[in-house]
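S.K.: Residue numbers (the working numbering), protein chains in the order written: chain A, 1 to 386; chain B, 1001 to 1189; chain C, 2001 to 2360.
Among these hints, one or two may not hold up.
Here are the simulated BS3-like cross-link-like pairs (lysine-lysine), alpha carbons at most 30 Å apart as the crow flies [stated by the list, open to error]:
#, chain 1, residue 1, chain 2, residue 2
1, A, 309, B, 1135
2, A, 153, B, 1060
3, A, 309, B, 1117
4, C, 2052, B, 1088
5, A, 70, A, 44
6, A, 157, B, 1071
7, B, 1071, C, 2052
8, A, 70, A, 313
9, A, 212, B, 1071
10, A, 212, C, 2080
11, A, 313, B, 1117
12, B, 1088, A, 153
13, B, 1071, A, 191
Keep in mind that the hints were calculated from the coordinates and are not lab data.
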Amino acid sequence: MEALKTSAPALPPGFSLRETRADGSQEYFLNMGPQHPSTHGVLKLVVRLDGETVVEVVPHLGFIHRAIEKMGENETFVQYIHLTDRMDYLSSHINNLGVCMAIEKAMGIGVPERGEYIRVLVSELQRIQSHLLWWGAFGMDLGAVSAFLYGFKEREKITQLFEELCGARLTMNFFRPGGSNADVPEGFIGKVKELLEEMKFSLDEFDTLISKNMIIRERCFGVGRLSRERAANYGCSGPVGRASGVDFDVRRDDPYSIYDRFKFEVPLGSNGDCLDRYLVRIAEMRQSVRILEQVVAAFPEGQYRSKEKASYKVPAGSYFSAVETARGMFGTYFVSDNSFKPYRVKSRSPNFSNLSALNEMAQGGKIADLVAILSTLDLIIPDIDR
Amino acid sequence: MSEETPKPDATPEVKPAEAKPAAPPPPPPVTYPRSAGVTMAAAPKASLSRFLGDAFGLFKGMNVTMRYFRKPSRIVTREYPENRGTLKMSERFRGQVVMPHDEKNEHTCTACTLCEKACPNGSISILTTKNLASKRVLGAFVYRLSSCTLCNLCIEACPFDAIRMGHGFEMATFTRDPLDLILNKTEGR
Amino acid sequence: MTEIPANNPVGDFLRANLPAPWAAIGNGLIAVAALAGLVTVTAIFLIWLERKVCAHFQARLGPTRVGPFGLLQPIADAIKLLMKENVKPRGVDALAYFLAPLLPITGSFLVLAVIPFGPTLQVVDLQAGVVYVVAVSGLGILGILIGGWGSNNKYSLLGSMRSGAQLFSYELSMVLCMLLIVMGSGTASLREIVLSQQGPFWHWWIIKMPLAGVAAFVLFMVSSTAELNRGPLDLSEAESELTGGFHTEYTGISFSMFFLAEFVNMFASAGLGATLFLGGFLPVQLGYAPVDHALAMLPGVCWFFAKTYSLIFLYMWFRWTFPRLRIDHLLSLEWKFLLPASMANMLLGATLVAFRWIIP
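Chain A extracted, bound-state conformation (with noise of 0.2 Å):
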């Protein structure tokens, strides 16, 4: 039997293990991922540990990289959005609608009445959908594998009328500038009525079975805090920056679509622990409910798209769109040099910035406490890599 040659393998640049204490005991590196339960796809921590105690985590990147915006440089406007399906792909229409939107800027087009509010109804259910997801992998990495199937259960409803709506369950390619690229089918309106009645028993049943679990308080109850100022400096947005108590949702604060017609508020947590980050995307979802109701009880007739035409040639200059997406705000920046494609193309994820904090939650804590931040993170790996 050959002995195991082992040479010491050369760090990392930035890493040190410290020395050897007096009692014997050192740090240890585990890699955790790319092939990871918890790691929600190709995510690749290096976390240095102190027995179970996280000292420090380095996320490595670009494993799911696809150079998507040097792609979109490539490509016409139009054609550009089904790529951005694939960045957050459980947020994939209201992707698409911030770069409809720089379009729409950019050529001073205008959308109807019944557009826009398609465009709200279906960019509400896509943040519902992308929260049950999110709900049931939490319960999953928590250890709670029932709420998994009952989180899908409930987003397949949603996932079901999309596929009703657009064709596609996931990539969806829906929105255009204009408007989106066909009305909702019959009977579309009165499905998502009975959907909504259906929400609202889940949620409850959410609330029993995970929120109001003692077990899910105490792990996440002061796990993973992120201040207030520590959010805003890392960028984060959304949930996560909520949580902490950024006090920023582009729908409220720079409202795009018709979002400045309806009432909704937006939740703030206080403590930016996991716990908060899990309360707010829970209230998130009764406030979509809330804005659906009020989406459907006016859902206007008429046209649904402005005017068609197969591709726009932008005139020179730089357009940037903001949306709100399941995990936070989502930026479109286009440079046009006045033709069909765009010059250069930037989209601000919120999943990157997000992640960019993790280190700073997870130290000091344990490895299921790195397990619950990421999950409460939410993050999307092809939207952190693009």
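Starting from the known structure of chain A, fit chains B and C onto it as the hints suggest.
M.R.: Structure of chains B and C alone, referenced to chain A:
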């Protein structure tokens, strides 16, 4: 670097104070004291009644799972290969691109290549030929399913409704060759 | 208390027709074979049951493809696991790595030897049965520790160290709960403990010892869940944190040994719970003669299995409802709550026994 240095000096001019109240903020600490800021303000006091309430909450959670266990009607599983016969995809479902042919085996494609231009990833190639009247007609509608993202742009671009999204979704093959499709059944019409 | 004969016809037959030493050997072999059969069948059935129950808790169907109701699914799984290559990763300590999977299953096998499945179905009735059970169940912990250490994997090591801390501490409160019953019944033999619960169901130790019995049962269920490494206390596996915990590196037959042991352990533990608290193989008696006679018609082994499986269902219910605890919460739960509680319960029980405040 040298241009940067005057900046800290500029601040004392505005505030000619003694020590460093206006000093630049310190760099972020390397080790953030995780529990330093925990005030436990929102933490309910530990009490027997709270503990009992929490313990009762656990049983309520067990009741939720039991409700699912008791009611088999809430099972959402669909047994896929068996239900193939009754499986209905929704009207707008985006499967692979198909080209409908009528009973005379004719399609409405005029080989205008709008779809080819609309395709974001070059999945469509229109090969043209000339018919007996020397008119430019469709030779072969080459469709590469392997690079198609099912984005629907070609269907939107088509002015003649010559192609549409099919409802097929079982697209897996063992080799790459079957994924290069020619959608038109006849050549040169 | 009515005496129930402990001899069964098979044993009597051998004893009557063979010289004494050969009869003892023959009986021993038959017992071991029966127990081995029981272990296999139970494990396979429990794997199916776990999947089915879990599926129904989660609004799913569970296995349906192999055999009626998917009953043959575990057998298909077993074949798959046995056909797999038994991988030995580079750098493992071969002796520890291959020895470890055998220990947990051995431990649970040995526990089953003293559990009375029926009035005449018990391999051996030790006078110190409870002490023996506590002693041999420690083998399982040893297996997990050795396996985690021998795997040369940080996840495995973390998992096994967790389980070491967890299992040793939860053993304490579990033993205290068992001792309470020993105190009440005045014997450590499991058969005698069962026989001390004869009569209507309020003569079971869970009710017979007012308050202390129920408390001991709850504490026993919690600490045995931890002992079994089952959710919500499956810290040493902790799939979402440690990928697989102590069995991260194991495949094929080595993994299936761990897997098997988990289910046999659950059966043994639930059987112990039924024996100590729910009257073991004794039939449910409602205190109303005609019904009681009808209920007593069922053989003891059926009652034993019924009680055991209801406890197993409880374990499954816990597992598929609750999220996992964190390791420091888990340990503080034991040392700050369960252990003091079981000590206080012990004191209460001792008072009850001393003053004869036990349901006669």
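S.K.: Take a quick look at whether residue 309(A) and residue 1135(B) sit within 30 Å of each other, Cα to Cα.
M.R.: Measuring from Cα to Cα gives roughly 28 Å; hence the hint holds.
S.K.: When you check the alpha-carbon spacing of residue 157(A) and residue 1071(B), does it fall within 30 Å?
M.R.: Holds, because 19 Å separates the two Cα atoms, which is no more than 30 Å.
S.K.: Residue 313(A) and residue 1117(B) were given as a pair; does the straight-line alpha-carbon distance stay at or below 30 Å?
M.R.: 15 Å, holds
S.K.: Quick one, are residue 2052(C) and residue 1088(B) close enough, alpha carbons at most 30 Å?
M.R.: With a Cα-Cα distance of about 28 Å, the restraint between residue 2052(C) and residue 1088(B) holds, given a limit of 30 Å.
S.K.: CA of residue 70(A) to CA of residue 313(A), is that 30 Å or under?
M.R.: 19 Å, holds
S.K.: Verify the proposed pairing of residue 1071(B) with residue 2052(C), using a straight-line Cα cut of 30 Å.
M.R.: Holds, at about 14 Å.
S.K.: Does residue 1060(B) sit within 30 Å of residue 153(A), going by the straight-line distance between their CA atoms?
M.R.: 20 Å, holds
S.K.: Quickly compare the C-alpha distance for residue 1088(B) and residue 153(A) to 30 Å and report which way the hint goes.
M.R.: 19 Å, holds
S.K.: Holds or violated: are the alpha carbons of residue 309(A) and residue 1117(B) at most 30 Å from each other?
M.R.: 13 Å, holds
S.K.: Going straight from one Cα to the other, do residue 1071(B) and residue 191(A) come out at no more than 30 Å?
M.R.: 24 Å, holds
S.K.: Taken at face value, is the distance from the CA of residue 1071(B) to the CA of residue 212(A) at most 30 Å?
M.R.: 23 Å, holds
S.K.: Below or equal to 30 Å on CA atoms is what counts here, so check residue 212(A) against residue 2080(C).
M.R.: Status violated; Cα separation ~41 Å.
Going down the numbered hints, you'll see the structure goes against just number 10.
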